[in-house]
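**Student:** Quick mapping for you: the protein sequence lines, in order, are chains A and B.
Last residue of the first sequence? That's 169 in the working numbering, and every number before it is there in order.
Last residue of the second sequence? That's 1293 in the working numbering, and every number before it is there in order.
Hints were generated in silico from the structure; no laboratory data involved.
Every value quoted in this text rests on a predicted model; they were computed, and no experiment measured them.
Backbone N, C-alpha and C fix where the C-beta goes; we use that ideal spot for every residue, glycine too.
Treat the hints loosely; a few may be bogus.
[To be verified] From the derived model, a few chain A residues whose C-beta atoms are all more than 12 Å from chain B: (1) 9; (2) 18; (3) 79; (4) 98; (5) 135; (6) 136; (7) 154.
[What the hints assert, rightly or not] Distance ranges between label pairs, derived from CB positions: (8) A:83 / B:1118: 29 to 35 Å; (9) A:103 / B:1098: 36 to 42 Å; (10) B:1123 / A:103: 35 to 41 Å; (11) A:142 / B:1201: 25 to 31 Å; (12) A:7 / B:1118: 50 to 56 Å; (13) A:20 / B:1180: 32 to 38 Å; (14) A:5 / B:1098: 40 to 46 Å; (15) A:20 / B:1222: 33 to 39 Å; (16) A:121 / B:1175: 47 to 53 Å; (17) B:1145 / A:17: 56 to 62 Å; (18) A:143 / B:1125: 54 to 60 Å; (19) A:17 / B:1197: 17 to 23 Å; (20) A:20 / B:1275: 56 to 62 Å; (21) B:1043 / A:7: 29 to 35 Å.
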Amino acid sequence: MTDSSPAEIHDLARQLTAADPAVRRAAAERLCRSGPAAAAAALPLVRACGDADEGVREQAVAALEELGAPPSEALAGLIEAVAAADPLVAYWAITLLGRSGEAAAAGVTALARQLAPGTDPAVAQRAAWALGRIGSAARAAAGALREAASSSDPRLARLAQEALSAVGE
Amino acid sequence: MICCLAVLLPAAAFAQPVVKPWDAVLIASFNIQVFGESKLAKPQVVEVLARVVRKFDIVAIQEVRAKSDDIIPRFVQAVNADGSRYHYLIGPREGRTSSKEQYVFVYDTTRVEVDAASAGVFPDPSDRLHRPPMCARFRTRIMPAQAAFSFWLVNTHTDPDEVPQELAALTDVFLGMQSARPDEDDVILLGDMNAGPPEFKSYQRIPGVGWAVSGATTNTRRTKTYDNLVFARPATSEYLGVWGVLDLQSTFGLPLDNALEVSDHNPVWAAFHPCEIGGPQTIPLASQPTTIR
């Protein structure tokens, strides 16, 4: 599992949706040990953050922390996952979009929506961070960022302010 | 001093109690990736982890991830199975999402003692750190108490997506800990920084800052320098200039796959004089790591 082939990663990604939690857990753990090669499984790993099994979720999170930016073909699915009801899924979808920088510009509207009051605080904060990483291509989110910059949540306010600078406002 | 540390070197020491030097305290940091039920259920992994801990006087552990509270007690029991007398301090679950981590200090009670009342999480009212560091004050027991080296350990694991911001915040933590007690000037910040010395610009705000690991990789794949021990050299003149990365593959003869089962990080460590040294000394930094086997 040290230098997993694309076929192996694909197979492990498929196993993340197996009915048996032990199979899903083992697949997530092996992806976690796959290093940057696991980037090819970025979207299935994000979805696995919503797994009912704690072991699957923890391994998926650990894998996502280390895999860097996702492949471009994962972006559309990640943008869709930004609105996921499970905050951990949304958080990691947003994080991977932020890592993609300007390439995630198509996700600006979805990200800006997560700045709305009532959003899970960690999700809203990460959305502000991701918009800052997208930079000038996220200018359409300036209004939502200005509002977030006056939030009573000091971290959200700070990240929104930083994002405003990054988008050129 | 390095000669005395050499008593640790024989690989055959695995089956016997580890003999530690009388003239150095060995402090390590180890990110044990997703240390929870799954890892603890693998006896071969626990055995390697226990052998790692027994080589050091204190190990600052990052990434304990478990809903259960008995992971570390069970692990320390495994460490002590050879007659060792380690104990632990564990922090609260930390993290902004539902996925939390805990910091732990595992320490050899025959060699160091901890002021349990001093242990806690550094306050982070502005929420600058994903997992605010756990601090605790230790003192060596190798020397009489009035002469013993005492020090703060600040255990940290940065968020890989906000490294520069978190290193800046950790600099403030370090400076805060330096003035936390008038009778304690030694602060050692250790953990998974997700950054190497070229990215330590913020730390330059710490007068006389130094770090142990330099020019060596610390992850199991041997591609990145993420883990380190950071201290102020004028204050912490007890640093002996001896440090190392305990390479899981070569130390335990593990193929990369098996080493990654243990963790994606190797432990890093540094040696300190067990006596409090009053004034600044000039001890050259070692440019090459020392090997512990």
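**Student:** Next, verify each hint and record whether it holds.
**Tutor:** Checked hints:
1. Residue placement check: residue 9 (chain A) keeps its beta carbon more than 12 Å from all beta carbons of chain B (closest about 15 Å).
2. Chain B leaves residue 18 (chain A) outside its interface by the beta-carbon criterion, the shortest separation being 17 Å against a cut-off of 12 Å.
3. Once the 12 Å rule is applied to beta carbons, residue 79 (chain A) is consistent with being away from chain B; the minimum gap is 18 Å.
4. Under the 12 Å C-beta cut-off, the non-interface status given to residue 98 (chain A) relative to chain B is violated; the minimum distance is some 7 Å.
5. Interface exclusion of residue 135 (chain A) from chain B stands, the closest Cβ pair being 15 Å apart, more than 12 Å.
6. With a least beta-carbon separation of about 20 Å from chain B, residue 136 (chain A) lies farther than 12 Å from that chain, consistent with its non-interface assignment.
7. The beta carbon of residue 154 (chain A) is not kept farther than 12 Å from every beta carbon of chain B, the shortest such distance being approximately 5 Å.
8. The hinted range of 29 to 35 Å is not satisfied by residue 83 (chain A) and residue 1118 (chain B), whose Cβ atoms lie roughly 45 Å apart.
9. For residue 103 (chain A) and residue 1098 (chain B), the Cβ-Cβ distance of about 28 Å falls outside the hinted range of 36 to 42 Å, so the restraint is violated.
10. Range check, residue 1123 (chain B) to residue 103 (chain A): about 38 Å between beta-carbon atoms, so the 35 to 41 Å window is met.
11. Remark: the range hint 25 to 31 Å for residue 142 (chain A) to residue 1201 (chain B) is upheld by a beta-carbon distance near 30 Å.
12. Residue 7 (chain A) and residue 1118 (chain B) have their C-beta atoms about 53 Å apart, which keeps the hinted 50 to 56 Å range intact.
13. About 50 Å separates the C-beta atoms of residue 20 (chain A) and residue 1180 (chain B), a value inconsistent with the hinted range of 32 to 38 Å.
14. For residue 5 (chain A) paired with residue 1098 (chain B), a C-beta distance near 33 Å fails the hint of 40 to 46 Å.
15. Here the CB-CB span from residue 20 (chain A) to residue 1222 (chain B) is close to 35 Å, well matched to the stated 33 to 39 Å.
16. Separation of residue 121 (chain A) from residue 1175 (chain B) is about 28 Å and departs from the stated range, judged on CB atoms against 47 to 53 Å.
17. Between residue 1145 (chain B) and residue 17 (chain A) the Cβ separation comes to about 59 Å, which falls inside the hinted range of 56 to 62 Å.
18. Taken as a hint, the range 54 to 60 Å is violated for the pair residue 143 (chain A) and residue 1125 (chain B), whose Cβ atoms sit roughly 29 Å apart.
19. Between residue 17 (chain A) and residue 1197 (chain B), the C-beta spacing of about 42 Å breaks the proposed range 17 to 23 Å.
20. Under the hint 56 to 62 Å, the C-beta atoms of residue 20 (chain A) and residue 1275 (chain B), about 57 Å apart, fit the expected range.
21. Taking 29 to 35 Å as the suggested C-beta distance range, the pair residue 1043 (chain B) and residue 7 (chain A) conforms, at roughly 31 Å.
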